[in-house]
Amino acid sequence: QKEVEQDPGPLSVPEGAIVSLNCTYSNSAFQYFMWYRQYSRKGPELLMYTYSSGNKEDGRFTAQVDKSSKYISLFIRDSQPSDSATYLCAMSATGNQFYFGTGTSLTVIP
Amino acid sequence: EPEVTQTPSHQVTQMGQEVILRCVPISNHLYFYWYRQILGQKVEFLVSFYNNEISEKSEIFDDQFSVERPDGSNFTLKIRSTKLEDSAMYFCASRRFASGKTNTGELFFGEGSRLTVL
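Protein chains in written order, with the working numbering: chain A, 18 to 127; chain B, 742 to 859.
Isolated chain B, as found in the complex:
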């Protein structure tokens, strides 16, 4: 069964360092997302990406964050200068179509990349 894959599974970094989290969405999906979950808290939306551009972003997604789809398969999240509060599990997600009345809008998540900022 197709799945969203993420690397690394766990990354430890020093405050102020740049981090890149990588995702390979399901191959025929067109919409891509990053969410994060701070330990014990809600899953929070960061950004959505469609047709090689950001379609929506949350207040969390400030200038320290960027996303890129450098080729036909990878989707990356870059954090330019990490802060302690960036420590969280980062989930990549993808969907085939925009949500609709039929079962075509399901959002599939990867296993997550755990980021620890020291």
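Looking at chain A on its own, in the form it has when it is part of the complex:
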């Protein structure tokens, strides 16, 4: 049983579009959720951190967690070519061992 499922894409959108990225999970004990951006052959860069359910907004990014559905989302508004990267979701029950999704490859076309 896979802990975290994430559509690998690739996802291609025009500049300025709203992007929706999603992950589902099976472990109801997960309560710490993060979204990372990863450029090719680089380390994951933290975008958003959320504890438990709810929404969190930071600039053009909004993270949503729905624990009842075991579903998390990342929305990117007014997408830019510089947002082109792989987006990883990560989650944990203890805050110690994080389980990652496979990553969604996003391309924003100018």
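Just so you know, these hints were derived from the structure itself, not from any lab. Hints are supplied without guarantee of correctness; some may be wrong.
Unchecked claim - Only pairs whose alpha carbons sit at most 30 angstroms apart, straight line, appear in this in silico DSSO-like list of lysine-lysine: (1) A:87 <-> B:798; (2) A:59 <-> B:824; (3) B:798 <-> A:59; (4) B:824 <-> A:87; (5) B:783 <-> B:819; (6) B:798 <-> B:824; (7) B:798 <-> A:84; (8) B:783 <-> A:84; (9) A:73 <-> B:783; (10) B:819 <-> A:59; (11) B:783 <-> B:798.
Position chain B against the provided structure of chain A, taking the given hints into account.
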């Protein structure tokens, strides 16, 4: 901005050789981690380290692996006898606090050390 630094950026080694990957976590962080990412696959947890001891490890982290914090700044991952399947990008990560309800549990990653076993 403080960052996690890793060396070497790339290491090529022969199967059976010992490898040490080095990391300097962010200076006021207390929790340290190693993750790895085989090319095209998920980022996978290896081990967590707190208060000079391993707090959690995965099935991947077998007897061939060890971690050490030899001084107040470095955090190392040793692979005693490398295998072909150890070829991967190894990421060091650190956090200030254990995860909590506030923005204090963020996990910061280094740029990674690419290990190639021939």
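Violated hints, by number in ascending order, as checked against the structure
Hint check: 4 fails alone, others pass.
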